[in-house]
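Counting in this note's numbering, the sequence shown runs from 3 upward without gaps.
To be clear, the hints were calculated from the coordinates, so they are not data collected in a lab. Just so you know, even glycine gets a beta-carbon here, dropped at the ideal spot from N, CA and C. Accuracy of the hints is not assured; some may be wrong.
To be verified - Result set (DSSO-like, lysine-lysine): computed pairs, CA atoms no more than 27 Å apart in a straight line:
#, residue 1, residue 2
1, K41, K63
2, K78, K47
3, K100, K78
4, K112, K47
As the list claims (entries may be wrong) - Restraint-style ranges between C-beta atoms, simulated for each label pair:
#, residue 1, residue 2, range
5, R116, A43, 17 to 23 Å
6, K24, E74, 53 to 59 Å
7, G109, R52, 36 to 42 Å
8, N89, T18, 44 to 50 Å
9, K78, G101, 17 to 23 Å
10, N115, G20, 43 to 49 Å
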Amino acid sequence: MKQYHKPHTKKVGSGTGGKRGKARDKKLSHIGGVFTATKVADKDKRTRRRKRGGKTALKLKKAATVNVITKEGAKKAKVIRVIESHNPEYVRMNIITKGAVLETDIGKVKVTNRVGQDGIVNGVLIS
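Taking the hints into account, I'd like the entire structure generated from these sequences.
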């Protein structure tokens, strides 16, 4: 018997133009966590959170130092303030995120990791 409709070749939609059913329901385990607004402070402050399977991870709430990669090697520098960020409000509130530029005692540093999820601030010296 011949095929009446064209075969399904596209990523979206069906060959007849009918709607596709959803593959599965949303699950509570697939939603993300609350944004950790890591702020500049005098001392580091971390909190421990539970992950799936009983594992634990650290959230960095307040940061005082940053691990900086320089031409001479890795150094630890004191964070003074946030200079640039993708959100101007984060600069005003001194919130550290990935890609933010920090003013430190050894120069400007660009953050290279996800601070709230990793529990530490890593960066590269840019000047």
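Comparing the hints with the structure gives:
| no. | hint | result |
| --- | --- | --- |
| 1 | K41 <-> K63 | holds, 7 Å |
| 2 | K78 <-> K47 | holds, 17 Å |
| 3 | K100 <-> K78 | holds, 18 Å |
| 4 | K112 <-> K47 | holds, 21 Å |
| 5 | R116 <-> A43: 17 to 23 Å | holds, 19 Å |
| 6 | K24 <-> E74: 53 to 59 Å | holds, 54 Å |
| 7 | G109 <-> R52: 36 to 42 Å | holds, 38 Å |
| 8 | N89 <-> T18: 44 to 50 Å | holds, 45 Å |
| 9 | K78 <-> G101: 17 to 23 Å | holds, 21 Å |
| 10 | N115 <-> G20: 43 to 49 Å | holds, 45 Å |
Violated hints are absent here; each numbered hint is respected by the structure.
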